[in-house]
Amino acid sequence: MVFVQIREAKEGDCGHIMRLIRVKSASPKPGSHRGSTSGWRGGEDLRADGFGENPFYHCLVAESLPGPGESQGPCVVGYGLYYFIYSTWKGRNVYLEDIYVKPEYQGQGIGSKIIKKVAEVALDKGCSQFRLSVLDWNKRAMDLYKALGAQDLTEAEGWHSFRFEGEVMRKLAGK
Amino acid sequence: MVFVQIREAKEGDCGHIMRLIRELAEFEKLSDQVKIREEDLRADGFGENPFYHCLVAESLPGPGESQGPCVVGYGLYYFIYSTWKGRNVYLEDIYVKPEYQGQGIGSKIIKKVAEVALDKGCSQFRLSVLDWNKRAMDLYKALGAQDLTEAEGWHSFRFEGEVMRKLAGK
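If you're matching them up, the sequences are chains E and V in order.
Just so it is clear: in the first sequence, position 19 is 19 by UniProt numbering, and no numbers are missing.
Just so it is clear: in the second sequence, position 39 is 39 by UniProt numbering, and no numbers are missing.
Check each hint, because a few of them may be wrong.
[As the list claims (entries may be wrong)] The calculated lysine to any residue pairs, modelled on SDA-like cross-linking and capped at a C-alpha distance of 20 Å, are: (1) E:K171 x V:E38; (2) E:K117 x E:Y105; (3) E:K90 x E:D49; (4) V:K85 x E:D49.
[What the hints assert, rightly or not] Reference listing, derived: stretches of chain E covered by chain V, where coverage requires no fewer than 3 residues with Cβ under 8 Å from a Cβ of chain V: (5) 60 to 73; (6) 95 to 105; (7) 121 to 129; (8) 156 to 166.
[Stated by the list, open to error] Selected chain V positions facing chain E (Cβ under 8 Å, derived; list incomplete): (9) A25; (10) Y78; (11) F79; (12) L143; (13) L167.
Rather than coming from a laboratory, the hints here were simulated on the basis of the structure.
Glycine included, every Cβ here is placed at the ideal spot set by N, Cα and C.
The following block holds chain E by itself, in its conformation from the complex (with noise of 0.2 Å):
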């Protein structure tokens, strides 16, 4: 049993979650649109986007830390990136972009652990509730949440995820 614990990123982790952002994205359901690498950010977008002066997300890393007597260093396997949004029902609330854990870590509970501390950040921050979205073919992830009290809204009260973007966008602003 390997000892992780949940820490804030830091700016030279972000090479460590490029990399992780990266196997995540290569295993795809097939067919589905996020298979595709156009338009990949690079390390250097997640550290000026992240470690700026006003950053557009935050993240959790989850470190696995070496045994008594092991050589190897720390190392980063799962992330959990957020950022705040804003509900006109109930204020300030937390978007969980990406949450992932590499496969030999899984299992283990990891998920869990980031998971709960997202909802200590947002509730420290006085959000009251914190939103991500799954694909529905990751029963794996839809029966983690499920198992940690979340509400499935687009089963429970039917909403639908809309995305407008490239060619129809500069159209419709008239670019």
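Assemble chain V onto chain E, guided by the hints.
Showing chain V alone in chain E's frame:
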């Protein structure tokens, strides 16, 4: 036909926006969930680090009309972050008073959001809509949006209240 302009909300619009927020929540059959008040909207949107940004649709009086301008719709948005695309926009609320619907005001708000998002270097903006709100779904699709829940299977999840406190060990 009424002339309507889309402009950035000012602090003085908060009372009008709050009323429209309540109207929208009632339309969505979720009005018991509105907990914020006008003073929260003011503090949250017009302080040093605003939590959101807002556009209002303002109807302007025609020649000879005595009544002043009137806020008849709004679009409230904020910036989000995609680990693939960087900063993007999320349109949290968009609403036009029923008596002003059908005149292209919703489309005007959407177009303004697209313009603002592009000006800020964003390559996409997202929003959510209830599956029974066919009018809104048809509008967004007609304007070129993709329904990601239908196309890719995305589900929205929420943790709140007692569940959150229990997770956080509070």
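To see whether the hints hold, each was checked on the structure:
1. E:K171 x V:E38: violated (35 Å)
2. E:K117 x E:Y105: holds (18 Å)
3. E:K90 x E:D49: violated (27 Å)
4. V:K85 x E:D49: holds (11 Å)
5. 60 to 73: Coverage by chain V is violated for the segment 60 to 73 of chain E (0 residues, Cβ < 8 Å).
6. 95 to 105: With 3 residues closer than 8 Å to chain V, the segment 95 to 105 of chain E meets the three-residue bar; holds.
7. 121 to 129: Three-residue rule met by the segment 121 to 129 of chain E, so holds; n is 4.
8. 156 to 166: holds (count 10)
9. A25: holds (6 Å)
10. Y78: Hint holds; Y78 of chain V Cβ to chain E Cβ min 5 Å, cut 8 Å.
11. F79: The hint holds - F79 of chain V has a Cβ within 8 Å of chain E, the shortest such distance being about 7 Å.
12. L143: The hint holds - L143 of chain V has a Cβ within 8 Å of chain E, the shortest such distance being about 6 Å.
13. L167: With a minimum Cβ separation of about 4 Å from chain E (threshold 8 Å), the hint on L167 of chain V holds.
Violated hints, listed in ascending order, are 1, 3 and 5; each of the other numbered hints is respected by the structure.
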